[in-house]
Structures are given as structure tokens and as C-alpha cells.
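Chains as they are written, first to last, in this note's numbering: chain A, 1 to 318; chain B, 1001 to 1534.
One or more hints might be untrue.
Unchecked claim - PhoX-like mimics (lysine-lysine), calculated; alpha carbons at most 25 Å apart, straight line:
1) A:120 to A:98
2) B:1343 to B:1419
3) A:120 to A:93
4) A:179 to A:98
5) B:1419 to A:37
6) B:1488 to B:1419
7) B:1419 to A:33
8) A:37 to B:1337
9) A:37 to B:1343
10) A:120 to A:157
11) B:1337 to A:33
12) B:1108 to B:1022
13) A:157 to A:98
14) A:179 to A:157
15) A:120 to A:179
16) B:1343 to A:33
17) B:1486 to B:1343
18) A:120 to A:37
19) B:1488 to A:37
Unchecked claim - Here are a few chain A residues that face chain B, going by a calculated C-beta distance under 8 Å:
20) 8
21) 112
22) 175
Stated by the list, open to error - Stretch-level coverage of chain B by chain A, calculated; a stretch enters the list once three of its residues show a Cβ under 8 Å from a Cβ in chain A:
23) 1005 to 1011
24) 1202 to 1213
25) 1331 to 1342
In case anyone wonders, no lab produced these hints; they're calculated from the structure. Note that the Cβ used here is the ideal one computed from N, Cα and C, for glycine as well.
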Amino acid sequence: MASRVDNLYFFIVAVTAFFAVLVSVLVIVFAAKYHTKDPLAVGQPIHGSMPLELAWSIIPFLISVVIFAWSADVFFDLQRPPDQTIEIYSTAKRWMWKFQHLDGQNEINELHVPVGRAVKVTFTSEDVLHSMFFPSFRVKADAIPGRYSTVWFTATKIGEFHLFCAEYCGTSHSGMIGKVIVMEPAAYQAWLAGGVGSGSLSQRGEQLFNDLACNTCHRSDGSGRGPSLVNKFGAPVELANGTSVAVNEGYVRESILTPQAKLVAGFQPLMPTFQGLLSEESVIALVEYVKSLRTTGGGGPRTASEPSATAPATPQNK
Amino acid sequence: MASTPLTYLNHEHSVASWLLTKDHKRIGVMYLVVVTLAFFLGGLFATLIRLELATPAGDLLSNDDYNKMFTMHGVVMVFFVLIPAVPAILGNFVLPLMLGAKDVAFPKINLLSWYVFVIGFLFTVYAMVTGGVDTGWTFYTPYSSRASNSNVMMTGIGVFITGFSSILTGLNFMVTIHRMRAPGLTWFRLPLFVWAVYATSLVQILGTPVIAITVLALAVERGLHFGIFDAALGGDPVLFQHMFWFYSHPAVYIMILPPMGAISEVIACFSRKSIFGYSFVAFSSLAIAIFGFLVWAHHMFVSGISVYSALVFSFLTYAVAIPSAVKTFNWTATMYKGAIWLKAPMIWAIAFLALFLVGGLTGLFTAALGVDVHIHDTYFVVAHFHFIMVGGAVMGFFAGLHFWWPKITGRMYSEIWAKVAAIVVLAGFILTFGPQFILGYLGMPRRYHVYPDEFQVLNVLSSAGASILAVGYLIVGIYLMASLFKGKHAGANPWHATGLEWTTQSPPLPHNFEVQPIVTREAYEYSSQEVTVG
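With the rest of the complex left out, here is chain A (with noise of 0.2 Å):
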């Protein structure tokens, strides 16, 4: 993606050039060329001209129009992630980044991540607004308390690169900075293997579930009084007020926070909030226990070394 993003960036500085160049050396070449220094000396009265008027409205919405188009293009590919991502969370706080991983790993103001592979970070902020910036991949999305942001990468190259706070959040703002680290594929699996043995973030989550007694409603042979969780993640759901909302990691957390916001058809208003009693990171946790939750497709909880024979194709830049 980078190297689409430096391409749309050098035409336009091609375009730009162009145009500063040619309206410089006229206004130099007039000024010269039609310099007097007889005060009283009179131009020639020459009022306008429609063609031109037009051609020089014309010529620049048009190619208006194509930087526009090309960079909208490009624009969705930088916004939509690809079906196959290796998946990471993340939570801002004044002044770190908190990473946490499937496999169970936590690191702050470190990204660890394999090379050739794209890479998805969901993330919010626990306090003020603050922006995931990663200038080597030319990727960036504000971290908005309240609701969840993605950004995502291949990176191509091994080695270290700048993660910045791109978003203005107080005292130490410019030092909320932190890296991502590249690593070849096997170096990345034993990167994965030797973290911390707390088990992984879905098993922290289900862990959440129980201890939080989640489980004593939404039961997963749906006998409970809240929905069954169980196949919920990805789907469409039906709503009480007569909607359907797609259940993402947004729409997880909302119905953690504030139960009733989105109520299920069928289903009572009778689940406490959990606003400010949960971290983010716990919500984090909830969330993936959630999409783990699956009957197909091989179930049980997902993790960044599934060999790649169950994440098949790596993405590759158009």
C-alpha cells in the first residue's frame, strides 16, 4: 500500500509542479517583459476572455477529477482490510501504546509483526483523543474514546519503524511514541512462543465471562435469558426496535457498556452496564471470546500462528 500511496503522491507533485512552474514564468516573463518605469504608461485594455476563462476553469476540474478518483481508490484499499489479517488490539492511554496480541502477548510501545503478512490493529483510547500513525506503512486513524478504530499494513521490509501519536493528547504527546519490529515469519513464531504462559486473549476473555457470571444468561444452547453468543460474531442481528445491526467489535463493546443501546428482538432489557467497571483491555478480552466463539470453520480461540494453510493467501500489494 505504501508504494501506492507514494505513486498518486508523486503525480500529484508532478501536476502541482507543472502549474506552479508555468504561472511563475509567466508572472516573471509579463513582469520583465512589460516592466516600465514611466508611471503615466498605460496597458493595453484588454478586458477578459471567455475561452480562456473557461479553459482554465475546465482544465483544472478535470484533472481534479482524476486525483480525486485515483486517490479515492486508493483511499478504500487503505480503509478496507483484507479477508486474511493477522489481528492485534490495541489501547491508547496518555502516553503509551498498549498491544495485545491473540496468542496471549501484551507489549507497550512495541509492535511485534512478521514481514509479508497484513496486519490488522483495532484499537481505542481509554482517555482523550489520540492517533495511531505509522508513517513507514503511510497509515494513520485517530484513537476516539468510546468506539473502535482499525488501521492495517504489510509490512515489506525487516527491521524497525517509527509508531507516532499523530493526534495532539497533552504534556508528553511527542513522547508517546513507540516502534513496530519486523521480523522474518520464524523469527516472529518463536517471538510468539516465548511470551508469557497467561494463556491467550480469548481464553482471557472466556475467563472474563465466567468470572463476570456472563455465562449464566447468555448460554450458549441459547436457554438463557440473553442471546446466545455463540456463530453472533460477523452476522446481522435483529434488533427490538425492528432494525438489524452487523455485530462487530463496535457493536460488542456497545452492548457490554450500555446493554440497551441495540437490545436483541426477543430478548428483556434486564443486563446491567458495565460502563466503568471493565479496562479497555478487559473489553478487548470479551470481544475476541466473542469471536471466538464459533461451531464452524474449525472454532475454538484464533491465534496469530494458525499455519497459513488456515489463513491461506497473504495479501499482496495491487
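Guided by the hints, dock chain B onto chain A, whose structure is given.
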């Protein structure tokens, strides 16, 4: 000098005669005094910023002090320099003269505008000396409403109050242009500066109330913990950005449209011919003012707005770029086959053209969705908007100030020094902000107190440029001040310009004209100009 003629400056001398004046010319001069003070204050903050950034480490200022510096630099420069500079100073002084009027439509309200402006400024200065403010001039929530411990409320009050000055001035000018034109001065005989001020007034009247509401909502949330923007209180942080930019993007046009109008005057005068495509230049001002209200979310492409609204706002942004391009081409074409007299105002105008060109063209990058994701909130954006606001608005202001200075003061400044200053400012500006485009594309985020070592070379270049820029502005201050004491008398029309303001003496009479002017010519009729009363 046997007898000094009566002028608006010498007919009364007491302090009260200034502070209670209803004369638009004196009010314009009083704005010039306050805005110049604000410009030096904002420039002082900028100097500290560039000094700090000469090294990667944070060795001059603490984190919090640095954050206050860029915040107060932005607040002062935007609300107390750029927004009032051309409309309130030059507009106040020349607009009624250009219309052949004795004053603006509501002289008392005009004085009230000045007082409201000064009171707003005093609140802001008070906020600064009692601890400062550190939210960034954008006041983004929830940082501003929840996290910041600085004087957000007091600064907000200052901005809130000042807004009313802007609204009242816009209203006053709009009514003046409608009702006070001299006989024969039809809409299409108006100088293009008047069209630009008219379009600006439209934005001031329609846009400024929104920033007042936004600041008020912020105060309610910060003071009363009433959830509007803070997600923890059930609000939406992105809503603040929508409301803030709904004013603050059009505010860019409050800053740039009037200087564009001044540039039209200067280029026509010193090319000795009618502006090329008068009606296109006139209507492009209105088009910019109207389309300018429809592009605010281009500041928010990575703020969590939907992909489809991003598409719409990107497209509309390209649409608003076209009228600016049209103006630029028309100014250039005006010089074709002119009789170009390269006096100081024209040099400043050409410097404006060069910098505005870069500022406008780099807007094509920030409007491009796929590129903006990368350059948003980096130094690329900082460089882009400084090219527009300083390279465009401030250079345009200086072009206008040099053009009308003989009318305002009755004196000529040093022509040589004025040209030298224009070139020093141009060179210093390019060296300051040129490298920042590269810094931005390399990924340096804005508002960074400490930065990685690899960005140092470009930052040192930028800081070196800033010192040249500061010298340039100081030179301007010195020769303009010197002209008040030593300058040659200007006479009514030192530039042999058309326009009613040049038909009265310099400095003008207290009531502008001895007899009511009657207009029988189109604007900029240099072929049939006559030498006017001296």
C-alpha cells in the same frame, strides 16, 4: 508648509478623540495598533517554538510550556491577527473611501466592534499571563473539556467575545456596501476589494455564531460536566470537530479572501490596466465563500467519519479549489501586456502570488484522501496552512498595507527598504516552511516537542529561515515607523491609481470627501485616467 491641511489625524488630538471616535479611518488605525501588538506576541511564541525545535531534545522549554507556546501562537495569530488583519484594518480604512461614502453604515457599532475585539483580546491575554492554555488552538475534546489543567475557560471566553466583533464588522460592511455606494457606483463598477470584503462578511455573519455555540458547549461540558463531546459522559468527541471546523474552515476564507481583494487592487494598479476577467474574479469570491461552508470535514478524514462522507468532502474540496485557481490565472493574465510598474506594493503582491500558489497547490495533496491519511497531522499540513495563512494572507495584507499606507498616513516609506524587506520575508518564509513539507512526508507529526534525530537537519533549516523571516518583519516595522516622521508627503494619488479613495487628499479629510463623488467609469479604467486633486 505654510498651512497644514485639515485631516482625520490632526483635526482632534486628545486621547478621548481617538477612543470615542466614530471615524472608520481612526478605528482602522486603532485596529492596526492592536493587531500589530498581537502579531508581535504571536511572533514571540513562534520564535520560542522554532528555537526549541532547533534540536531534537526538549532542552529550552518544558513539555507543558512548549504545548502552551504552539497553542497560544495559534490562538493569537488566528483570532487576533489573521481574521481581523485585512477586513478590520484595511477594510475599515478604505472600504467607505472606495464607496465614496462618509463612513460605514453604523459608525457607533463599528466602534463597539473595536471595543469588543479589545475586550476579547484582553481576556485571552489574561488567560495567557495567568498560566496559559495548552489545548492547541483547535480545542479538541475531550482533552479540552476533561484533561487539560490550563486556562481553557478564560481563553474560550476571549475567543467567544472576539467573535461578536467579527460578526458586527461583517454586518456593518455588508450594509455599507449595499446602502452607501456613491451615485453611479454600480455593483460591477466596484473595486474587487469590495467584492472580496462582501464575500468575507457573508462568512463572518453566517459562520462565527457556530464557533460561539461550540465554545459555549465546550464550557458547559468543562464547567458543568454536561456530556456533549466526552464519550465518558455519553457525548461524542467527533461532534466537536464537526462544529469546530464548520466555522474554522470558512474562517480560512475570512483570512484569505480580503487579501485576495487587496491583491486584485495592487496588480491592476501596477499593471496599469483593468483586471482580467473582472466578473470571474468577483464571483469567484462569492463562490469561495459559499462552497467554503461545505468542506469542513476534510479536516477529519482520519477522525472516524464514514468512508462515504470522506468521499463527498474530498470532492467538494476540489470544487472549492477551482475559484482560487481562476483568481490566480486572472491575476497572471492581468499582467499580460500591462505597463508594469515594479513599486514596493507590486513586489509584495508578486511574493504573495508565489507563496499562495504553493499554498493552494499543496491543498491538492491534503484533499486527496489516500495521501491525506498519511500527511494529516504532520508538518506537511503545518507547511500547507502557513503558506496559505502567512504566505497568502499576511503577504496580501502587506501588499495592501504598502499600497494604502500613503493614503492612511500621508507619507511615503522607503521604497528601497520596502523592496528589500519583501525579498527577505519571501526568502525567509520559503526557508522556514519549505523544509516542513518534506518533514511531513517523512512522517514528523505536528505539535511535537521532542522529535527523532533523523528530522534535525530539516528542522534546523526551518529555524534558520524563521530567523530571517523575523528580521524581514522587523525591517518592515522600522521603515514604516520611520516614514511617519521622515517620509515624503505622498500627495493624493502617489500610485496614479484609479478608485475613489485616491481622489481625496492623503491623509483624508475627517469626512473623506469635500463633495459627494459621482462615478461615471468602470473600475480600473487606466486608459482614460486623469490626474486627480493633490
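The hints, checked one at a time:
{"no.": "1", "hint": "A:120 to A:98", "result": "holds, 15 Å"}
{"no.": "2", "hint": "B:1343 to B:1419", "result": "holds, 8 Å"}
{"no.": "3", "hint": "A:120 to A:93", "result": "holds, 19 Å"}
{"no.": "4", "hint": "A:179 to A:98", "result": "holds, 12 Å"}
{"no.": "5", "hint": "B:1419 to A:37", "result": "holds, 16 Å"}
{"no.": "6", "hint": "B:1488 to B:1419", "result": "holds, 17 Å"}
{"no.": "7", "hint": "B:1419 to A:33", "result": "holds, 20 Å"}
{"no.": "8", "hint": "A:37 to B:1337", "result": "holds, 15 Å"}
{"no.": "9", "hint": "A:37 to B:1343", "result": "holds, 9 Å"}
{"no.": "10", "hint": "A:120 to A:157", "result": "holds, 17 Å"}
{"no.": "11", "hint": "B:1337 to A:33", "result": "holds, 8 Å"}
{"no.": "12", "hint": "B:1108 to B:1022", "result": "holds, 6 Å"}
{"no.": "13", "hint": "A:157 to A:98", "result": "holds, 23 Å"}
{"no.": "14", "hint": "A:179 to A:157", "result": "holds, 14 Å"}
{"no.": "15", "hint": "A:120 to A:179", "result": "holds, 16 Å"}
{"no.": "16", "hint": "B:1343 to A:33", "result": "holds, 16 Å"}
{"no.": "17", "hint": "B:1486 to B:1343", "result": "holds, 19 Å"}
{"no.": "18", "hint": "A:120 to A:37", "result": "violated, 66 Å"}
{"no.": "19", "hint": "B:1488 to A:37", "result": "holds, 20 Å"}
{"no.": "20", "hint": "8", "result": "holds, 5 Å"}
{"no.": "21", "hint": "112", "result": "violated, 20 Å"}
{"no.": "22", "hint": "175", "result": "holds, 7 Å"}
{"no.": "23", "hint": "1005 to 1011", "result": "violated (count 0)"}
{"no.": "24", "hint": "1202 to 1213", "result": "violated (count 0)"}
{"no.": "25", "hint": "1331 to 1342", "result": "holds (count 10)"}
When held up to the earlier numbered hints, the structure conflicts with 18, 21, 23 and 24 and fits the remainder.
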